[in-house]
Every structure is written in structure tokens, then in C-alpha cells.
Amino acid sequence: MDPKTLRFSKTHEWVHLNGDIATVGVSDFAVKELTDIVHLEFPEVGTSVSAGQPFGEIESVKSVNDLYSPVAGVIEAVNSDLEDNLALMSDDPYGAGWVVRIKVSDASAYESLLDHAAYEQMCQSGH
Amino acid sequence: MLQTALHDWHAANGGRMVDFAGWSMPIQYSTITVEHAAVRERVGLFDIAHMGRIIFTGPDAEKFLDRLLTNDVTRLRVGQVRYSLVCNEQGGILDDVLVYRFEDRYMLVVNASNRDKIVSWIEEHRGGFDVQVDDQTTTTFMFALQGPRSLDVLGPNASADLGSMKYYTVLDAEVFGKKATISRTGYTGEDGFEVIVSLAEGSEVWQSVLQSGAEADITPCGLGCRDTLRLEAAMPLYGHEMDERTDPLTAGLAFGVKMDAGEFFGKSALKVISARTDLPVRVGLKLEGKRIAREGAIVRAENAEVGHITSGTFSPTLNEVIAMAYVPGNLSQPGTAVEVDIRGKCVAAEVVALPFYRRQK
Chain A
1 MDPKTLRFSK THEWVHLNGD IATVGVSDFA VKELTDIVHL EFPEVGTSVS
51 AGQPFGEIES VKSVNDLYSP VAGVIEAVNS DLEDNLALMS DDPYGAGWVV
101 RIKVSDASAY ESLLDHAAYE QMCQSGH
Chain B
1001 MLQTALHDWH AANGGRMVDF AGWSMPIQYS TITVEHAAVR ERVGLFDIAH
1051 MGRIIFTGPD AEKFLDRLLT NDVTRLRVGQ VRYSLVCNEQ GGILDDVLVY
1101 RFEDRYMLVV NASNRDKIVS WIEEHRGGFD VQVDDQTTTT FMFALQGPRS
1151 LDVLGPNASA DLGSMKYYTV LDAEVFGKKA TISRTGYTGE DGFEVIVSLA
1201 EGSEVWQSVL QSGAEADITP CGLGCRDTLR LEAAMPLYGH EMDERTDPLT
1251 AGLAFGVKMD AGEFFGKSAL KVISARTDLP VRVGLKLEGK RIAREGAIVR
1301 AENAEVGHIT SGTFSPTLNE VIAMAYVPGN LSQPGTAVEV DIRGKCVAAE
1351 VVALPFYRRQ K
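For the record, the sequence lines run as chains A and B. Reminder that position 102 of the first sequence reads as 102 in this note's numbering, one-by-one numbering, no gaps. Adding 1000 to a residue's 1-based position in the second sequence gives its number in this note's numbering.
Read the hints as simulated data drawn from the structure, not as lab findings. Some hints here could point you the wrong way.
To give a feel for the contact side, a few chain A residues facing chain B, derived at Cβ under 10 Å [said to hold, decoys possible]:
{"id": "1", "residue": "Ser60"}
{"id": "2", "residue": "Ser63"}
{"id": "3", "residue": "Arg101"}
{"id": "4", "residue": "Ser112"}
{"id": "5", "residue": "Asp115"}
Using 30 Å as the maximum straight-line C-alpha spacing, the simulated BS3-like pairs for lysine-lysine come out as follows [said to hold, decoys possible]:
{"id": "6", "chain 1": "B", "residue 1": "Lys1178", "chain 2": "A", "residue 2": "Lys62"}
{"id": "7", "chain 1": "A", "residue 1": "Lys62", "chain 2": "B", "residue 2": "Lys1117"}
{"id": "8", "chain 1": "B", "residue 1": "Lys1290", "chain 2": "A", "residue 2": "Lys32"}
{"id": "9", "chain 1": "A", "residue 1": "Lys62", "chain 2": "B", "residue 2": "Lys1063"}
{"id": "10", "chain 1": "B", "residue 1": "Lys1290", "chain 2": "B", "residue 2": "Lys1271"}
{"id": "11", "chain 1": "A", "residue 1": "Lys103", "chain 2": "B", "residue 2": "Lys1290"}
{"id": "12", "chain 1": "A", "residue 1": "Lys103", "chain 2": "B", "residue 2": "Lys1345"}
{"id": "13", "chain 1": "B", "residue 1": "Lys1258", "chain 2": "B", "residue 2": "Lys1063"}
{"id": "14", "chain 1": "B", "residue 1": "Lys1286", "chain 2": "B", "residue 2": "Lys1345"}
{"id": "15", "chain 1": "B", "residue 1": "Lys1117", "chain 2": "A", "residue 2": "Lys10"}
{"id": "16", "chain 1": "B", "residue 1": "Lys1258", "chain 2": "B", "residue 2": "Lys1345"}
{"id": "17", "chain 1": "B", "residue 1": "Lys1258", "chain 2": "B", "residue 2": "Lys1117"}
{"id": "18", "chain 1": "B", "residue 1": "Lys1166", "chain 2": "B", "residue 2": "Lys1290"}
{"id": "19", "chain 1": "B", "residue 1": "Lys1345", "chain 2": "A", "residue 2": "Lys32"}
{"id": "20", "chain 1": "A", "residue 1": "Lys10", "chain 2": "B", "residue 2": "Lys1178"}
{"id": "21", "chain 1": "B", "residue 1": "Lys1345", "chain 2": "A", "residue 2": "Lys62"}
{"id": "22", "chain 1": "A", "residue 1": "Lys32", "chain 2": "B", "residue 2": "Lys1063"}
{"id": "23", "chain 1": "B", "residue 1": "Lys1258", "chain 2": "B", "residue 2": "Lys1178"}
Where a beta carbon is used, it is the ideal one built from N, C-alpha and C, also for glycine.
Please work from the sequences and hints to get the whole structure.
Spelled out as C-alpha cells, the structure:
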């Protein structure tokens, strides 16, 4: 996916919204900052998530960080390909490196997410 | 913030700079696992100029250090290096150090995070000793060359025969024509050398090492892999496996304590501690899964808290999660099953013998 068509959270998740399905991943910037990702802790399919709340963890050699849901809904799918191949997150962060798909119940939070330009600006300013 | 002689080089070569004990140091240049593997398989170059370097001269240098250190300084021969602790009167660890004996001086290499504390401790206790103390940390540069190809890279460029140096020995010589102090020591579990040169010549020597190491695919390495390497080798890190509330016997560092040596700070307290049988033991753990048990995580057995994690990481060499922990003596045998609470979820773990990794000699 072209990152310019995505929305981004301040906590570095990206979202692609297609109807009521949101595909969520971790930005290229965040993956490069973390380096050495060793594990993703996925939510169970069917778990309810709310906007701004953690739904999983991303663990690197240096640190562990929560993954935050950018929208409210129910986890519809997790990318189990990542379990054996975390390199997909750095090789193709906006495609094969997606993390979860959420069936959106409330997309209102989507509108307040950053567009690509604003996200890039935030990263460059050191946040 | 303090900067080493290579600060600009690090920044210009992709080093991610972090504050470490008041020094701006590179945590990594590429990735921690790539740099880690370079040291295990070939050779890595580390800026370790943040480590404190304190020189002792004068007629009472030996006597003073023997009072300061838990190891027996009087038995140290010229050219030898020894691991030792600096303890307070209660037997708590103020720092873990290396002591070096030369023809004309002694040197202590201390942790960056403890340098101010140790310098003050020395000042406080040197009264009555005819000893001169010179903290050369900011007037010299220190780097480490670590990995199986270290000798190939440094040996041909040194004025002394480095190949015949035994592990934990030191000598004064030249590298690339510059005056240097070279020891066969390190903090990675691999063969290697630690080298001190003047501050002014630090950058030139560093770049000469890189150039002559190109054939061996030498890799600049940051503090990130220094931590994963030392953890695989089960080397303790001050502030993690030990602090002022930990004594060296509990920390598994009895080899750095010589109870038959002369009087030293903490000796009478350690004598009492050595008779106790109820103290926790530092052990290694291997964990199921890929989640890392980090410092402070609680170790549990039979539904009770029994200890805590001091350091944990994903081991790039073993491809599994490893940690060090303190547990009661009756749970310290390899093979013992325990659990670790990682952010609210318990993960199965097994006590294993240390070190996790030992190089083939």
C-alpha cells in the first residue's frame, strides 16, 4: 500500500480503512527505530478493542512496547505469517507486514489520525 | 554530556547516540543482532572510552589497592590483570573493577556509572598512604576489539607479540606506531583486546583499526550488543546483577574475593556472610516463548514469589530468551522448573547452568 493513502497514530500504528474493515500495522519509521524485533503478542480473533487502547505488544531486543488500536471494533484477523517471519515488518511494513484487521464499530477516531505528511513531520521533529 | 574522542565519527557513521552514565555513546550502528553476530563470528570494534581509567603510583600504591579491593593485590605479578570488587564496610558492592599491574604503576578500570563514586571513595580513604591517584578517563581513549579475528587485525599492527599474551594480561607497546596499553580482556565472552591510547590519537588509531580490519569484515559495535554479548557469557553488570545491597558471594563472584588476603573494606562483613546458608543464588534461566523477561520481573515457583530477574534478553546466538535471576538456594539447581511473571502473564522457565554461551577454544 502507498503510505500516502494511510492514516497514522502518534504511537506509530498505520491504518488503512476500506469500508468497515481497518487494516493496522506499524510504521516503517517505528520498525526502523526499534530494530531487532523478536516477537509480536497478538490479540485473539474476536477480541473487542477501543480506540487508543492497547491490543498487543511489540517486543524488540531493546524494549517492549504496546500496540494501540487506532479505531474501535473487533479483531477480525491477525497476520500469522509474521510469527515465523518478522522481517516482513521491515521488508514490507505497509503490505505483507500488516499486523491485525479490525471490523470497525466506530470510525470516529479515524478522522483525528494524522495523514502521511503530518506523521512524517512528527517523526522528523523527533517524537 | 561527556563525549569520547570518537563522538563525531559515531554520529557520522549511523551511530544511534544515547545517554549512558553521563556519556553520549552509540547503542548501535546497524542492528544489535547483526553487531552481536559479528563479534561471535569475526570481530567487532567498540568505543569503551566511557569506562573509568584510574592510575596509581607511589610507594604505597600496592598497599592502598590491597586495602581497597577484595582480591589479593599483593599476589599480582607485573603484566597481570585481575577481576575484583570494591566493597563498603557492610560487604555491599560499590563497583566491580579490573586491576592491572605494570612495572611502574597500577591501574583500575571502573564502571562509567560508578566513576565519581569510586574516585570519592578513594579520596576518602587514601589518608596515611603514600600514593598518587590520577583519573585519566577524559585524557585518554579506550576501545575494545572483540571476536575470534581480533588477533589477526591487531597483531600485525602492534610492536609486541600479542599472540603470546595470555588471557587477562597487559602490556605497554605501540599500535600503528602510537603508544598504547593493551590487555587481552573483554566483556563479550570472546577472545579480544582492550586498548588505551592518548585522547589526541584515539580517532586516528580507531580508523587505522577499521582499515586493517576490512579484510576480516570488522564491524563497529555499540553498547546494545555489548549487553547481549555479556549476558550470553553470564558476566554480571553493575546496577543489574549487583549494587550496594548485594554482596559478592551472593552475586556468585567469590572468585574475586580472597578471604586469606590482608585487610580490605568489607572483609569482616563478608566473613559473616560466607557462613550464611539462607542467601539467594544468581542463576541462569531459559524461558519458553519469545517474550523477554526484563529486569525486575518476578520469578515464581509453586504459586509463590521466589525471586526476581536482574537482566534478560533474546539471545541471538542461542535463538531463545535467556535471563539471570536471584532465587533461593533450593531452586538454584539446573533443571529446576520455575515461572516468570512477564507483565501479568506467567511464562515457564528452567534454571540452566551459567554461562549460556562459552566459546570454543
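Tested hints:
1. Ser60: At 8 Å from the nearest chain B Cβ, A/Ser60 passes the 10 Å test, so the hint holds.
2. Ser63: Result: holds, 9 Å to nearest chain B Cβ.
3. Arg101: With Cβ-Cβ at 22 Å, over 10 Å, it is violated.
4. Ser112: violated, 28 Å
5. Asp115: With a closest approach of 28 Å, the A/Asp115 hint is violated.
6. B/Lys1178 / A/Lys62: violated, 37 Å
7. A/Lys62 / B/Lys1117: holds, 28 Å
8. B/Lys1290 / A/Lys32: OK: B/Lys1290 and A/Lys32 at ~20 Å, within 30 Å.
9. A/Lys62 / B/Lys1063: violated, 43 Å
10. B/Lys1290 / B/Lys1271: Distance ~41 Å between B/Lys1290 and B/Lys1271 Cα, so the pair is violated.
11. A/Lys103 / B/Lys1290: Satisfied, since the Cα-Cα distance of roughly 28 Å is no more than 30 Å.
12. A/Lys103 / B/Lys1345: holds, 27 Å
13. B/Lys1258 / B/Lys1063: This hinted pair holds, its Cα atoms lying about 15 Å apart.
14. B/Lys1286 / B/Lys1345: Holds, because 16 Å separates the two Cα atoms, which is no more than 30 Å.
15. B/Lys1117 / A/Lys10: Distance ~40 Å between B/Lys1117 and A/Lys10 Cα, so the pair is violated.
16. B/Lys1258 / B/Lys1345: Given pair B/Lys1258, B/Lys1345 is violated - Cα atoms ~42 Å apart, limit 30 Å.
17. B/Lys1258 / B/Lys1117: Given pair B/Lys1258, B/Lys1117 holds - Cα atoms ~23 Å apart, limit 30 Å.
18. B/Lys1166 / B/Lys1290: This hinted pair is violated, its Cα atoms lying about 38 Å apart.
19. B/Lys1345 / A/Lys32: Roughly 28 Å between the alpha carbons, so the hint for B/Lys1345 and A/Lys32 holds.
20. A/Lys10 / B/Lys1178: violated, 50 Å
21. B/Lys1345 / A/Lys62: OK: B/Lys1345 and A/Lys62 at ~20 Å, within 30 Å.
22. A/Lys32 / B/Lys1063: violated, 52 Å
23. B/Lys1258 / B/Lys1178: violated, 37 Å
The structure does not agree with the numbered hints 3, 4, 5, 6, 9, 10, 15, 16, 18, 20, 22 and 23 stated previously, though it agrees with the rest.
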